[in-house]
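Student: Single-letter residue listing:
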Amino acid sequence: MSIKTYALLAVATLSLSSTSALAETKSGREYDIKAAFVCKFMLFTDWPQEKLPDDSRAIVLAIVGNDPFEHAFEPVKDESVKGRKIVVKYFKGWEALKEASEKEMARVADELGRCHLLFICRSEEKNVASILKMVKGHSVLTVADMPDFLESGGMINLLLEEGKVRFEVNNIAATEAELKIGSQLLRLAKRVVREESTRK
Amino acid sequence: MNRVMVSVLALWMVSTLTSAAFAEATEQGTGNGESLFGASLEQLMEMPVVVSASRQAQKSGQVSAAVTVIMAEDIHRSGATNIPEILQFAPGVDVRRLDRQRYAVGVRGLFGVFSDRTLILVDGRPAIDPIYGTTHWENLPIMVEDIERIEVVRGPVGAAWGANAFTGVINIITKKPGTVNGALASSTINEFGDIWTHLRYGGSEGPWNWRISTGYNDVEDSDAAGAGKYVSGAQAVNGLMGFDSFAARDWGRYAKVDTQAEYRVDDQTRWTFGIAHSSSQEGDYEFIGVFPRRDILTEYTRMFARLEHQYDTDTTAYIQWFGDYWDRHRRVVTDKTTYMENDLEAQVTFKPADDHTASFGGNLRWNRLTARNHSSLDEFLFDKSRYNEYWAGLFLMDRWAVSDRMTLEGQVRLDNYSETTADWSTRLTAMYALDEQHEHMLRTGFARSFRSPSLATRRGSASYLQAPVVGGLFLTRPPAGYELDNEGTYSLEAGYSGRLSDNLWVNLDTYYQRMERLIGVTNQTDMFGVTTSTFDNVDGADSWGGETSLTWKHQKGSMSAWYAYNALATDTFGQITRSLPPSQQKAGFTGRWYIDENWTFNTNYVFNDSIHTFAAVPVDPASFSRLDLTLSCKVASRTGELMVGVMDVLNETTDANFDTGCLTAHETPGRTFFARLQLAF
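Protein chains in written order, with the working numbering: chain A, 1 to 200; chain B, 1001 to 1681.
Bound-form chain B, shown alone (with noise of 0.2 Å):
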């Protein structure tokens, strides 16, 4: 049975299955099976409270850094299947299509597929490849409809969450249990057959509350959706890399579950568990002129169970240990990598005096992190097969109600790595409220984060073809007796928000970013022309900029513009710093509106500029409009919902985007149109 066959098989046991409980749907009224009393306070709000700038719950016009707050609604709308397509519509935040399975994506630059300077997190946990550094986006156990918001935060933010949050944080944080009860089908295709299937049931019994999430995606290379012509970076070695076989393989098949569960003990008592796992097949990619053609296979489970108790109305604190497993099969370029990561982390929340509201926490974490080269042809290898990393932070943080109109901010952490130095971070921010309402509120602000090595640049080592090559490339790690250092990054910010009018809100951010013993690459050529690249902390940068938007809401719609200037200069000029700078002018314009109590319409736009990489990839990365246009009506006795829409309607994404460390790149397809059916019951 064909791909497009099955897509439709889905959908139409979707929508048949539920015809039995329309009428029992439409005693229930919209049969969305939420539960109220499970909510949290922010939940019953449905009001952006963001956790992500400093672990305390702040209400989004008064968080102690830049931040953008997208929303489950935001995310339903857009029509989007994956992560970083919601990502590109952030102010701020560079996304890069690589390919129909890989992102390069980064908060204010320095981005790339192995971006590793902003900080992923799930409900507040790493999701991060220690081996790396980055996120596999693709990778991760999560369904789209099962995010509730997704904050992120423009600027150095360590002091909340430790190393790595250098440029930003970004936190996916998933609808709890207790809050989505009942079931919900969810299916997507387009017109390649692609699909995304997503069933979940929640449900609540006494003192449990859960939810269990299923899904399936299986999306077709960019060859069979009528893109993926191959572009070569280094036309010299095209006999070398044997380019005229490559084709595009960046299919991708991944199979999801993720569930949670929750435990209250009494009011002020809860215990959260969850586990997710994801099961994927990928084809491939080229990746230092080798292109393996086989098969990535990975599995990656994520797990977490926390205690939480109030013990008054002022304090609260909970006790968290996740753990995650990862393992890929990449032949070739590493046989196997896997690693496995367990963090133990516990936080307090009091009150210390009348004006102040106070955290202090720290968290544990070991790192056992496997490399395993099958045989002579894997071309990244590390110096060892097995490395075991620890972690240890602290950190205090302080919010001072100064006056109705004054509130400070303090935040520092402290981390010791095993494979560093111990580094610290900090946040100091005032904001200042102009009216009595806290409607118009100025903030400023210096924060400090660091940056660690990792495995990669630390212990890897890539070798072309496994011999000298004349104007070949050699990637070694540094000399024995040689370590890398932090990378460190100072910030000064400001920003405004206001309420203009009942309907319109208006945002502005500005910083300067100054970064220190970037980790970058110097090339030294020898007399024979070979040339040898070395993973370095090499010269600093500027980056300095800001975002600015502007909201108006009405109760038959809304409108949001953005305009983001991100500029980046390194001290040496062409530094390669493992990444790409950010695009420097970015413009952004989502649209809903509310047709009738049924139909929603909606539009997002994105401009890029082009960015000058400066040889950083053998092709620049070009300019691109992006346009979606989604149109939603209410079906099944209002218990589903019914989607068509075309994504880049301009059709202006195909273009072959080169990563860092990459020789070729290929055409991804642009215009698409899907459906998508829902049904709650």
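Here chain A stands alone, though its shape is the one from the complex (with noise of 0.2 Å):
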């Protein structure tokens, strides 16, 4: 055998025998890219000009239902976008507000109302109309990874596919919350619901 292929083998054999696996977290490396789009979105759509009076004013990012990103926005917490800091904020899910009181229930709507972006966990999948009822003429772009989410009445859906993230677009739903989505997010994006009548 020739020197090559022995320091082949011994290349080999010293990293084989250092091989221990550690289980990749899966689920935890999805949110963090999910957590990346989220920030691509906000930077991507245009609020009306009352949302975001001056320059002072944060970009809201609210959260609402059990929270799979755990720690995935840590790192753009300080950080800006369109020239603005981003602010995240962290909601029950709706079961939780139905038995708050009504005050309570009030005080939620209206902090919802006054955020930039909903995201709503998968944890609410039933309670989606309602969430979206609560936000409804608050020009809040609403954001999910569930089934049916633009059907729903949701503007950007988050879905994976051969293991990668992609989004799709009711670019109806944020037309009417006078929301702008800018055109390389709906080029991008998988699918695109759109008014026929728009069309030439």
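Hints listed in this document are in silico derivations from the structure and should not be mistaken for laboratory results. If you're wondering where the values come from, they're calculated on a predicted model, not measured in any experiment. Do not take every clue at face value.
FRET-style restraints, in silico, Cβ to Cβ [stated by the list, open to error]:
#, chain 1, residue 1, chain 2, residue 2, range
1, B, Asp1267, A, Glu104, 32 to 38 Å
2, B, Met1071, A, Ala96, 41 to 47 Å
3, B, Arg1253, A, Arg57, 57 to 63 Å
4, B, Phe1673, A, Val87, 55 to 61 Å
5, B, Tyr1263, A, Arg57, 24 to 30 Å
Just so it is clear, CB atoms sit at the ideal spot from N, CA and C, and this is done for glycine as well.
Join these two chains into a complex; the hints should help.
Tutor: As structure tokens, this is what we get:
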């Protein structure tokens, strides 16, 4: 056996001896990527002037339900998008809100209406319609990662395809909320729900 | 210390130095160090988003040209150590290995080591030698693991990129700062003791992202690797050439560095800078019967600075400068060639109306080319020692979403080259979605491009042994007062891409391409039997064919099979076009199996038909099949990977491949075992 072959075998043995598996947290990775997507959605969406009246106003990201992101948004909490600081707020799910007082419910509704992007967690799948109704008319970009979210009136839905994150857009809902979703987002979306009447 | 010991030491150091980082890496999980928030939308999607067909980002199924995208994982799993070895597995790309460093590469044929009909880009910036019009693959200051994807566009794409995208474009897109944070160490060694070593460090701090890569490659010559038998295609002049003393000097040593940095002024504005350099020492090779047997020394620097701004959700713009500096000593042939290239380019993308996405822009380029002939022994001569050339280009494109199903795209470009005339390129494409989800797309298009004559064809001449010899060979430049015209080409294209099921995709592209005024060679033999060869615009050619592929993806793996039929016929039988015609039939297969979360098996197969060159080269390239196998395993708490593999299991790529202008060729090693260790921390 030549010295070259010995060298190859030595390298292989050396490396294999240090093998030890560490399970990768697949879901953690998925939500790291989804968190990055959520920030991109903020970057490529325009809100009406009254929603972001001056440069000092922060952009508020609200998460309602059982939070799957864990610490995924930590890196951006001191960052800014469109020159505005990102603020992340967490809210309990609908079932917990229903049991709260009317005053508390009103307060939460008011806060959700003031946010700019609302991420509805999968734990709220059965209550999507109620949550969307709460923010209707407040120019809130609604995002989720659950089946039929667009059909329920949501605006952007994240999904997994062959292990990669994709997204689809309901531009009708966004337009009704006076939001303008950038063409780059629309171009890269897997599916875009549009008004037929806007076609030439 | 011999080369094998250096290789083993490098691998041992890579694995040992990281042992202290294992615990930390374990706490960090995979230790991959990717920074997601710095990535672009396209990067996040890890989806082959194609920019090379039209300069606008498009989803791979809705591109206005025939395109194949080779992703980083495809490159990584292949075990390939250079870019041509990766490209040979792409449909419609002809690749022939000439020696251990040099490859003839071209899209849909018309390829050779001096092939100048396929435009090669790195991050959208040309990587073409303006003296010879070719790409020196081995000298590119790029490490294979720094490539994010390679976009291969088949067909004339001059409307997007200007002159010389005649048969296609290959755009090598590198990983951006901010997406590869942390350190990576990689070392590959094969059974001949050849080594490829790569160290990379990427980081982010506030508004800054950066990555620094260094690499060193040391490849032995074919003789030392057990292959290297020389073959002569001009036995009558063997004595004159000194053929009996020829030895395969196709070794190479390359030191490379590639740095990029990004500064985010704010969310809308970004500066990106880069400087890359390769310093190489190579053996030598025969050309027109001359074999200098002297080392080739090359210094190659590429630099760029780019400012991008997003005005609003629909409007973006960039301005970019790039500069290339090349210096090569190849004594006896042409002692020293250098070029300095400076290019300033700008582009604006905006929405003039709801359903339109338009881009316009242009570039200015200045090339200073220097060719110094040291002595009367030099064989390839230029009529001056210094040339200044200028380019100016303007382009406009629009993508119109006529309806939910129908999209039209138009591109037009005008280029003015100081050495020829102004010329134009265009691409008009219609795309129609057969379904609401846009999973079945039809595409049809028309394109026009041109190829400008390189300095070597306009001003180069060569004489065999500086004296007329019976049966000898002269190459001359065109007579004074006569200038070469641009080559021109038109193409008609049609294609379909569709998703047949959740896991199955099919792609079909067909084309007909008409080429005019090809710059070839005309031969005249005088009464003394002396042949004079002259570069000239000869006749045209017809090219036609298609590529089809079927891809199946599953959580546990993927398979992809493709077939390409690329035919070419010159108007005059046997016309020399300074290149090889395509291998008429090519087929390929890639299979990947994720055995479990640690082990991955990959196979790549390609078949190339033989090529009938009609005496363009002394011996026609034969058909071959190549099968590569790799097996990877995660190591070091999954922060690293060990790969073992064998290239060319069937041992069919050893043949001596002749290139145009070469009278001899030699065999190269076939079946090769290798191992690679990579650690990220």
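Student: A separate judgement is required for each hint: does it hold in the structure or not?
Tutor: Hints, one by one, checked against the model:
no.: 1; hint: Asp1267/B with Glu104/A: 32 to 38 Å; verdict: 35 Å, holds
no.: 2; hint: Met1071/B with Ala96/A: 41 to 47 Å; verdict: 43 Å, holds
no.: 3; hint: Arg1253/B with Arg57/A: 57 to 63 Å; verdict: 59 Å, holds
no.: 4; hint: Phe1673/B with Val87/A: 55 to 61 Å; verdict: 57 Å, holds
no.: 5; hint: Tyr1263/B with Arg57/A: 24 to 30 Å; verdict: 26 Å, holds
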